[in-house]
Amino acid sequence: MSLDDLYRQVILDHAQHPRARGVLSGDDVRAIDLKNPTCGDHITLYVRIQDGKVQDIRFTGEGCSISQASASMMADMLKGQNIEAAERVKDIFLKMIQGHDLVESEEETLGDAVALKGVAQFPARIKCATLAWKALEQGITDHSS
Amino acid sequence: MIGRALIEDFPILQQKIGDAPLVYLDSAASSQKPRAVIEAISRYYEHDHANVHRGVHTLGSRATEAYEGAREKVRRFIHARRASEIVFTRGTTASLNLIAKTYGEAKLGPGDEIVLTPNEHHANLLPWQRLARQTGARLVFVEPSPEGILDETRLTQAISPRTKIVALAHVSNVLGTIQPIQAAAARVHEVGGVIVIDGAQSVPHMPYDVQALDIDFLAFSGHKMLGPTGIGVLYGKYELLKDMEPYELGGEMIDTVSLHEATWRDPPWRFEAGTPPIAEAVGLAAAIDYLEGLGMNEVEAHVLRLTESATRALGEIPGVTIYGPRAGRHAVLTFNIGSIHAHDTATVFDSMGIAVRAGHHCAQPLMKRLGVNSTVRASFYVYNDMQDVEALVAGVHHVKEFFGDVFG
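From first to last, the protein sequence lines stand for chains A and B. Residue numbers for the first sequence follow our numbering, beginning at 1 and rising by one. Residue numbers for the second sequence follow our numbering, beginning at 146 and rising by one.
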């Protein structure tokens, strides 16, 4: 596994120019704080869910290029999706990061985030890639409960 | 002899990571073990193992002799007055917790003060935080210079008649700075308090004399000084240890037991409930033999020289930020490259066979003061050499090249 497989251009691009950085406020916004205590990375994910849809999604925080790119790609992809679709994307992403093969339709669903596939080969970095998605998972659970 | 030639003695260092020879620069987290240590542990298990202080049989005697022999070896290594001042624990963390729970809970009350610095490792901060909460004592933080150096006058002035404990890392695990503990010891003794030294990053690297330094309690770990994991030391002056309550209760630490009462053995066994880490003590003794074979003066000079060379070399590379002083660093060099995250740097290093630590180094308050979330830390020990410094420099250049366009 070479470094270029991990740090694909699209990842570096998202890390350098993260989409959807920022804060959301309002009664219908859920803010989820998550940390990776072993490395100090942290994220605050803001999700506005209305009518069963992820109306808007933003994040703040700090972390390595993998965690920032992953958050950016996730936000990019999920804005406007309904909750079921968002959950499906999240499940496919986590499956990929754990090193499982994806079928073509699943890869298409993930869009840019497929570039993070290489992370599965770098066990020490898996938590970086999943931080934002774990925050999303919590946001959706909070919403449904 | 010290340096790269020692790799012959360290089987683990002879491997490649991918195609690149391993460059191990993470000894401050845990050092590697020479064959002499690995073999001493195997030999012990193959020939001498039984429980200690119990059996009358031959193996029981051999195991006890080996275990108590290790204690005597540690005593000599740090120049303690008597072997009964050496308590074997699980490591530095366990030693510091033991002092806080036993000595601390017995001696501290509302309004008493514990003096420390904001740069401590979590292991030398959290036990005191809890102790302060439980007893009503107060934590007093002495402000170091921006480079992490404690001013001797400022330190001694922070010690008041209310000070019961001064708890300091002798050498910082992030900045590599060495603190004026002798002056602090002298001052705290004037007011009737004690000094507790976190020696995790100092004992492995320099000749040690707890009597000359007049330390009351010293905590350190075996695995950072070529020994095995799972064993550490709490040194305590006997007159302090003898009045302390045990930490854990169970076998081996008792004098007499009835259904409703028990009395304790004398130190050090009072603090070693249950079956102790016997093989680990044997391994630690072998590690001390190995270090003494090299000479602790030579170890200190060698590591200081490497750290200084690396600090100078990295300091000359544009974009590199070095945290802490440029000179006089003990073993650890902490830095970042441009705005590149420490984990990304460490991953690129790893692809070149270079092992470093990346993260907050269990010192989150210090990271906050440095204004960063994580840093890269390279640390040096007896088996490192100028070649490793050169590999580190090449690694930094490669990281800059790899991420240059993005994070420049």
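Certain hints may be false.
Unchecked claim - Computed list of lysine-lysine pairs in DSBU-like fashion (alpha-carbon distance at most 30 Å, straight line): (1) B/Lys161 to A/Lys117; (2) A/Lys90 to A/Lys53; (3) B/Lys382 to B/Lys218; (4) B/Lys513 to A/Lys35; (5) B/Lys252 to A/Lys127; (6) A/Lys127 to B/Lys161; (7) A/Lys117 to A/Lys35; (8) A/Lys79 to A/Lys117; (9) A/Lys53 to A/Lys95; (10) A/Lys127 to A/Lys35; (11) A/Lys53 to A/Lys35; (12) B/Lys252 to B/Lys382; (13) B/Lys252 to B/Lys387; (14) A/Lys117 to A/Lys127; (15) A/Lys134 to A/Lys53; (16) A/Lys127 to B/Lys382; (17) A/Lys95 to A/Lys117; (18) A/Lys134 to B/Lys513; (19) A/Lys117 to B/Lys545; (20) B/Lys161 to B/Lys513; (21) B/Lys545 to A/Lys35.
Honestly, the hints are just simulated from the structure, not real lab data.
Comparing the hints with the structure gives:
no.: 1; hint: B/Lys161 to A/Lys117; in the structure: holds, 26 Å
no.: 2; hint: A/Lys90 to A/Lys53; in the structure: holds, 15 Å
no.: 3; hint: B/Lys382 to B/Lys218; in the structure: holds, 17 Å
no.: 4; hint: B/Lys513 to A/Lys35; in the structure: holds, 15 Å
no.: 5; hint: B/Lys252 to A/Lys127; in the structure: violated, 43 Å
no.: 6; hint: A/Lys127 to B/Lys161; in the structure: holds, 26 Å
no.: 7; hint: A/Lys117 to A/Lys35; in the structure: holds, 22 Å
no.: 8; hint: A/Lys79 to A/Lys117; in the structure: holds, 22 Å
no.: 9; hint: A/Lys53 to A/Lys95; in the structure: holds, 23 Å
no.: 10; hint: A/Lys127 to A/Lys35; in the structure: holds, 10 Å
no.: 11; hint: A/Lys53 to A/Lys35; in the structure: holds, 26 Å
no.: 12; hint: B/Lys252 to B/Lys382; in the structure: holds, 16 Å
no.: 13; hint: B/Lys252 to B/Lys387; in the structure: holds, 14 Å
no.: 14; hint: A/Lys117 to A/Lys127; in the structure: holds, 13 Å
no.: 15; hint: A/Lys134 to A/Lys53; in the structure: holds, 18 Å
no.: 16; hint: A/Lys127 to B/Lys382; in the structure: violated, 45 Å
no.: 17; hint: A/Lys95 to A/Lys117; in the structure: holds, 10 Å
no.: 18; hint: A/Lys134 to B/Lys513; in the structure: holds, 25 Å
no.: 19; hint: A/Lys117 to B/Lys545; in the structure: holds, 24 Å
no.: 20; hint: B/Lys161 to B/Lys513; in the structure: violated, 36 Å
no.: 21; hint: B/Lys545 to A/Lys35; in the structure: holds, 27 Å
Hint violations for this structure: numbers 5, 16 and 20, all remaining hints satisfied.
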